[in-house]
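One-letter residues, chain by chain:
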Amino acid sequence: MTTTAKPPPAERPATTPRAKARPGDRIFSRSAQVAGILILVILAGVAAFLVREALPTFTADSSEIDGGEGFFSYVWPLVFGTLAAAVIALIVATPLALGIALFISHYAPRRLAQGLGYIVDLLAAIPSVVFGLWGIQWLAPQVQPAWSWLADNLGFIPIFTGPASATGRTMMTAGLVLAVMILPIITAIAREVFLQTPTLHEEAALALGATRWEMIRMAVIPFGRPGIISGIMLGLGRALGETMAVAMVLSTGGFTWSMVTAGNNTIAAEIALDFPESSGLKTNTLIAAGLVLFAITLAVNMFARWIVSRRSEFSGAN
Amino acid sequence: MTGTSKRIDVGDLNVYYGSFLAVEGVSMAIEPRSVTAFIGPSGCGKSTFIRTLNRMHEVIPGARVEGKVMLDGEDLYGSNVDPVTVRRQVGMVFQRPNPFPTMSIRDNVLAGMKLNSNRLSKSDAKDIVERSLQGANLWNEVKDRLDKPGSGLSGGQQQRLCIARAIAVQPDVLLMDEPCSALDPISTLAIEDLIGELKKNYTIVIVTHNMQQAARVSDRTAFFNIAGTGKPGKLIEMDDTTKIFTNPTVKATEDYVSGRFG
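If you read the protein sequences in the order shown, they are chains U and D. In terms of my numbering, the first sequence opens at residue 1 and continues consecutively. In terms of my numbering, the second sequence opens at residue 1 and continues consecutively.
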């Protein structure tokens, strides 16, 4: 997950006479400044490394690149796979996470809510390799019939084109595993922002004659919107970058539109699977793919920021 | 705009938070098209009591009442009465202005209407917004920026926006829980003028800590008091406002209104 952190506001308001600078203030403002700058330095360092190491890929003759048709034709199926897995994960996880968060914050009795909160947090503590094992051993065979059904009945839609994989190790399954992995992230953040809704606003809605669900739609969700988007973005960040679970679950292969057959791969899984045995230009190619992933994540984050800031007037922060 | 303005009769009402008796044995009649003020020291149960008039106390877990609250003869606590319906008839304005920060001024006014009717034609919505904001003496100040967020207004304007939001649904009764306590004197005056106009159409009940305010705006005044911490609040005396402030029957009322305690 890459986040563009703002450097802390360093300028003081011009006051006359100038306030006496106390050592505590100065130490704190310095250390905050250093922390803020550090994140930019690290980000720049990573970006510089990626660009430097990726450069040979872009100058090399296209026949030398994996696949023999240049970097672009090598990387775009991976970009497609990365986005497809992440989108499936988000489509499944977001409504579920918001539902759980609302249940915990506004519906469940307090004791049940607490227990449920812990359990959801616990889900975030499971290592991804365990999710991978679970996905391959248990989930894939369980969901395989569903993918067969989709291929048989909705096969005319390109993403459900059959024949479905007999093992169930498909993009859909990988997406489902990712959904379970990002569920606790989105839930935890949504739950926190829902709990932050000022009682005043909830009461305003109730006093107008809102039912509980109407109150949630009128006061809780709009108030939590920036937080919900942040949570989704954090989840998306994990889904885009997740390596192990996808590498284990997905039966990789070349590009296909179908999400229910074997095939496709994600950037992160491709790097993890190929990097140990790569050398020379292949290494540079994989790093270039990493650069592309970095750029995608950055773009997604900036887009999310833009969505939030577009309605900042209405955030209630003024 | 005309609400129907109904009378309220409270019969021997006890309010509990769990097992704690917060308000005991209140009986009173609140006349339509009048302003009734509740005064009394902090913690005497005025705010608790006013919230039982639209069942808003039920928001707090464990809060319950015994006794009767009749709105034009209909028991608000009848077994088949939905609190949601009660709150649509009995509007409320809170201590701190609470417009929805995520909504524009227009949407704030329409918030209650959107709950009541699924479809609202554009021209109806426009009429309701103008009428309600005019009713709250806010129209001239905001008519050019209806799409701006309600939270960008001043405190006094926000409170009048909340009043507009409450009267947009044409309730029968308007409850105001210390509506001016967070406002400056000029905004307070604006709200008090507004209360004077609103009482032509609504039954108004107002809780206030400001006795001059009670004297200025209300027709009837109810004095609540509490014997000590942990004891229930009680209605001590209720009468015409002029009587309460000049010649009350009970000694404690006189002490309170003349500033000797509280």
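Hint data in this document are derived by calculation from the structure and do not stem from the laboratory. Please note: incorrect hints may appear among the correct ones.
The calculated lysine to aspartate or glutamate pairs, modelled on EDC-like cross-linking and capped at a C-alpha distance of 20 Å, are [to be verified]: (1) K199(D) with D144(D); (2) K114(D) with E214(U); (3) K114(D) with E203(U); (4) K148(D) with E130(D); (5) K148(D) with D25(U).
A quick note: this is a predicted structure, and the numbers were derived from the prediction, not measured.
Proposed proximity, E203(U) with K114(D) (alpha carbon, max 20 Å): holds (17 Å)
K148(D) and D25(U) were given as a pair; does the straight-line alpha-carbon distance stay at or below 20 Å? Distance ~38 Å between K148(D) and D25(U) Cα, so the pair is violated.
Pair hint outcome, K114(D) versus E214(U) [Cα-Cα no greater than 20 Å]: Holds, at roughly 10 Å.
Against the 20 Å threshold, does the CA-CA distance of K148(D) and E130(D) hold or violate the hint? holds (15 Å)
Under the criterion that the straight-line Cα-Cα distance not exceed 20 Å, is the pair K199(D), D144(D) satisfied? Judged against 20 Å, a Cα distance of about 28 Å means the pair is violated.
When held up to the earlier numbered hints, the structure conflicts with 1 and 5 and fits the remainder.
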